[in-house]
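*Asks:* Using the sequences and the hints, build the whole thing.
Protein chains: 2
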Amino acid sequence: MSDMNGAQALIRTLVDCGVDTCFMNPGTSEMHFVAALDHVPEMRGILALFEGVATGAADGYARMAGKPASVLLHLGPGLGNGLANLHNARKGNVPVVNIVGDHATYHKAYDAQLESDIETVAHNVSSWIRWGTTPDAVGGDAADAVAAAMGPPGQVATLILPADTSWLPGGEVGAPKPLQERMPVDSGAVDELAALLAGGAKCTLLIGGSSLREDGLVAASRAANHTGAKLLSETFPTRLERGAGLPPIERLAYLAEFAQHQLGETEHLILVDAKAPVSFFAYPGKASYLVPEGCEVHVLAGPGDDAIGALQALAAAVGAPADAATLQPAHRPDLPTGPLTADGVCSALGALLPEGAIVSDEGNTSGLFAPMHTAGAPRHDWLTLTGGAIGQGLPVALGAAVACPDRKVVALGSDGSALYTIQALWTMAREDLDVVTIIFNNGSYAVLNMELNRVGAEAPGPKAKEMLDLHRPDLDFVAIAGGLGVKATRATTAEEFVDQLRAAFAERGPRLIEAIVPSVI
Amino acid sequence: MSDMNGAQALIRTLVDCGVDTCFMNPGTSEMHFVAALDHVPEMRGILALFEGVATGAADGYARMAGKPASVLLHLGPGLGNGLANLHNARKGNVPVVNIVGDHATYHKAYDAQLESDIETVAHNVSSWIRWGTTPDAVGGDAADAVAAAMGPPGQVATLILPADTSWLPGGEVGAPKPLQERMPVDSGAVDELAALLAGGAKCTLLIGGSSLREDGLVAASRAANHTGAKLLSETFPTRLERGAGLPPIERLAYLAEFAQHQLGETEHLILVDAKAPVSFFAYPGKASYLVPEGCEVHVLAGPGDDAIGALQALAAAVGAPADAATLQPAHRPDLPTGPLTADGVCSALGALLPEGAIVSDEGNTSGLFAPMHTAGAPRHDWLTLTGGAIGQGLPVALGAAVACPDRKVVALGSDGSALYTIQALWTMAREDLDVVTIIFNNGSYAVLNMELNRVGAEAPGPKAKEMLDLHRPDLDFVAIAGGLGVKATRATTAEEFVDQLRAAFAERGPRLIEAIVPSVI
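Those protein sequences? They're chains L and U, same order as listed. If you read the first sequence in the working numbering, its first letter stands for residue 1, the second for the next number, and so on. If you read the second sequence in the working numbering, its first letter stands for residue 1, the second for the next number, and so on.
None of these hints come from the bench; they were simulated from the model. Nothing here was measured: the structure is a model prediction, and the numbers come from that model. All C-beta atoms in this analysis are idealised placements derived from N, C-alpha and C, irrespective of residue type, glycine included. A few of these clues could be false.
Computed cross-link-like contacts, EDC-like style, restricted to lysine to aspartate or glutamate with a CA-CA straight-line distance of at most 16 Å [said to hold, decoys possible]:
(1) U:487 / L:474
(2) L:275 / U:474
(3) L:230 / L:267
(4) L:487 / L:476
(5) U:202 / U:296
(6) U:463 / L:431
(7) L:67 / L:111
(8) L:177 / L:144
(9) L:408 / L:474
(10) L:487 / U:474
(11) U:487 / L:476
(12) L:463 / U:20
(13) U:275 / L:111
(14) L:463 / U:431
(15) L:487 / U:476
(16) L:463 / U:476
(17) U:487 / U:507
Label pairs and their calculated CB-CB ranges [what the hints assert, rightly or not]:
(18) U:356 / L:503: 35 to 41 Å
(19) U:499 / L:339: 42 to 48 Å
(20) L:356 / U:495: 50 to 56 Å
(21) L:108 / U:356: 36 to 42 Å
(22) U:356 / L:111: 31 to 37 Å
(23) U:106 / L:316: 39 to 45 Å
(24) U:289 / L:184: 54 to 60 Å
(25) U:487 / L:519: 25 to 31 Å
(26) U:337 / L:472: 52 to 58 Å
(27) U:471 / L:184: 31 to 37 Å
(28) L:503 / U:507: 36 to 42 Å
(29) L:111 / U:319: 57 to 63 Å
*Replies:* Structure (structure tokens):
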């Protein structure tokens, strides 16, 4: 029997499968996993002060690394704390190897304080769930978990790890599983849709997921330009490559009425790793399903398919020339001056964004104009709130910075949403990550002020308004960031903001800028 | 059809059932609930910046109010964020009316961004789960939820509330359900155990849950004193009344080896609203079940039974005089001097604790001596970490302060655990709650340093140690508290701490004291 314990075999297997980063918030039942880190030098352990930071970081890491990180959580409550950002990863088809420590197998019967039904919670985010119950099998379980997480499409694979599986000897390292290729799209389907596009009907190509990278965007732009089709991206891309020199793409709007306007008179909607558009929330008397009446929906590629290959085949089938794509010209907005506004912050970002930046966008209402003002900035990646569970922006930025240490990362956060996982700042400081966090502080859950009207609730009374107000007391993000070890400054004028952003971009390491802005709503 | 919408009927029903406080972190799908707050003036809405604060506050509120609060959460991710503290409430048999907003019923089919399986998550904490699907029935659903939450024993009752149930007219207010009484304990069982106690065998009375209030403690102490039985309380009481003039009670130790020592040669273990003792975690080669071999276990009262009545009947049956209880003499430790230690903090607390205080104890390793040093302080309540999911201490204190506005509340927190739900400070400031938060800052997850050895992991290497260290960077709780609107000071000597604690107790309103202490481990 091997001397290696289960935890050592597990970590060695993960590394052999290419998973060499673990974002963690461990407890007693995970102590043998923690001790085993020193046996596998290739595995990097990164501590988070809250589980939602660990899971969101794993999401951001995988979006940029193209492979999963692992997370290590402590029993059912730890999984609960990490659930919201696993939900976001699930909705974005992002691979995550989600390891949840549990009591020793024989201890579960005693219903100790931390005993709970882990599996029922895991079902909310994982269709792949396994209990790693013996040290000799846990390596194989881990290899299966990595393969399941990778998909395609990517998913959250949950491996529940009892403490005795970790500590007992007899661990066996699992062999990496062959990675599954994306499914090539049938050429008949391509030809059929090419004929549709070429036939003069009003077509919209709605592309998302894996297609929003340079090659997919170029092929989609070629096909659309050559046939007169409209080109849109899904509302909340997992990872969108954009900026000067890349095909620009209009995103389907968050607000249903705007999305309906964008889809306009579309007769054929062609989906490429994107879902048929639905309203983010339901509103009384308004449509949930946003596809225009009478419009036919076609699927060129699903989430597990080779969407880029399909788009390239489509562009070829319609006879689009190689240079038919629209390319975004380089353009920077003017630097803002005067009183600071959310729009000014976004202009400054567009004016100063460094080449190769990664933007994690949870600016919500205040960040509304950020995509517009950065459209012509040097090439960069844009990561969005895929599942709608706020508290994702800072952790995703953290993970992206771990995956891409040579690129500047920008976290756009808002006062309300940043507070869910504000502990991310501490890990940014600890790991000296090159992240500039910009917090729009408008003193309210502004999006809810808007939604309160949009859902048709009567004019809000004082108690209702109170529930959306963040002024009493005012949040001081400079103080909070300082307390968590990140250098921070506050800007109340456009000039101050520009100076602070320039300084933050000129140096390496975590910085936070609190932008005091009026609500845009 | 009633003009009232579902949300209005729901809130009116809750108030009619005595549930007049709602801790909330709402989103778009809950906006009609929020708007309805202004229609029912008796309902107090209290905003939290994070769901774990809302659920923990509901727990603390119910422990002190003796009736549930409601919480309002936003879909599956919001429930996930609130799950750890609902777990703690579940383990403490604390009533909580857990309202989880959901998409409109007809919208769920579209799998929008925030769609997920709420019910599977709810199963982790609730055995009572219901979908409130029509406005005419939702009042009745709410009344049932309150009754289910109240038990006895108390529990987390989850009512899932689709947005259209809230906004549609036709709401009907539900009638309060009659409350269920605690089950009286059969007198035959009492007599049998009385004979056992009187018969000279080595007996231990292990009491918990609802019995840890004055009347239960007095009766238990009488019975134990009169028969020579040993008296212990469960390790983590939901609410323990203690201090000068009340019977003192030894708590079963957290560490299994100490608990085994306490149970010693017990031949008969009599459980009163307490579980047979098990180890908090499993450790290689150590027992999970802590009842001594050959010891017989008897149940006098279960969690839904009238435990206090049973103890009083038992005391009478053994013939214990009315004045046979041990009463704790008034005693205060000396004020500490010199370098600040965790023990010194606990001494100062014992020396200065005001009459009628409520202590929410999540001091973990640093708080180890707090019960000892406060034993003879004026009468107070002690609330502990019932489910082991850290991040409970500050929210429970918040809720207790809402329930008991005329009593001083002390939150004992630790650097590691306080960071899970630090957003509680903001709500304390917003509601001007009379809570003094004491943070033991020892720069580590000290309990895990201990556990790492106890689980038998080999000598930890540098990577393992790094995962338990909170020094890089140091956390500055004074800055964090200031950023969240709570006045804070830092103490590095015993004299400073005493001065700051005295000042905090002399004023009303939220204060935080950061105590820089060496680890006790």
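*Asks:* All hints are to be evaluated individually against the structure, with a verdict given for each.
*Replies:* Consistency of the hints with the structure:
1. U:487 / L:474: 13 Å, holds
2. L:275 / U:474: 45 Å, violated
3. L:230 / L:267: With Cα atoms ~11 Å apart, residue 230 (chain L) and residue 267 (chain L) stay inside 16 Å; holds.
4. L:487 / L:476: 13 Å, holds
5. U:202 / U:296: At roughly 11 Å apart (the allowed maximum being 16 Å), residue 296 (chain U) and residue 202 (chain U) satisfy the hint.
6. U:463 / L:431: 13 Å, holds
7. L:67 / L:111: 37 Å, violated
8. L:177 / L:144: Judged against 16 Å, a Cα distance of about 7 Å means the pair holds.
9. L:408 / L:474: Distance ~30 Å between residue 408 (chain L) and residue 474 (chain L) Cα, so the pair is violated.
10. L:487 / U:474: 13 Å, holds
11. U:487 / L:476: 13 Å, holds
12. L:463 / U:20: 14 Å, holds
13. U:275 / L:111: 9 Å, holds
14. L:463 / U:431: Answer holds: residue 463 (chain L) to residue 431 (chain U) is near 13 Å, not above 16 Å.
15. L:487 / U:476: With Cα atoms ~13 Å apart, residue 487 (chain L) and residue 476 (chain U) stay inside 16 Å; holds.
16. L:463 / U:476: Answer violated: residue 463 (chain L) to residue 476 (chain U) is near 34 Å, above 16 Å.
17. U:487 / U:507: Holds: residue 487 (chain U) and residue 507 (chain U) sit about 12 Å apart, inside 16 Å.
18. U:356 / L:503: 35 to 41 Å: 52 Å, violated
19. U:499 / L:339: 42 to 48 Å: At roughly 44 Å between Cβ atoms, residue 339 (chain L) and residue 499 (chain U) fall inside 42 to 48 Å, so the hint holds.
20. L:356 / U:495: 50 to 56 Å: Roughly 54 Å apart at Cβ, these two residues keep to the hinted range, so it holds.
21. L:108 / U:356: 36 to 42 Å: 41 Å, holds
22. U:356 / L:111: 31 to 37 Å: Hint holds: Cβ distance 34 Å, inside 31 to 37 Å.
23. U:106 / L:316: 39 to 45 Å: At 42 Å between Cβs, range holds.
24. U:289 / L:184: 54 to 60 Å: Roughly 57 Å apart at Cβ, these two residues keep to the hinted range, so it holds.
25. U:487 / L:519: 25 to 31 Å: 28 Å, holds
26. U:337 / L:472: 52 to 58 Å: 40 Å, violated
27. U:471 / L:184: 31 to 37 Å: Since residue 471 (chain U) and residue 184 (chain L) have Cβ atoms about 53 Å apart, the given range 31 to 37 Å is violated.
28. L:503 / U:507: 36 to 42 Å: 40 Å, holds
29. L:111 / U:319: 57 to 63 Å: 36 Å, violated
Checked against the numbered hints above, the structure breaks hints 2, 7, 9, 16, 18, 26, 27, 29 and satisfies the rest.
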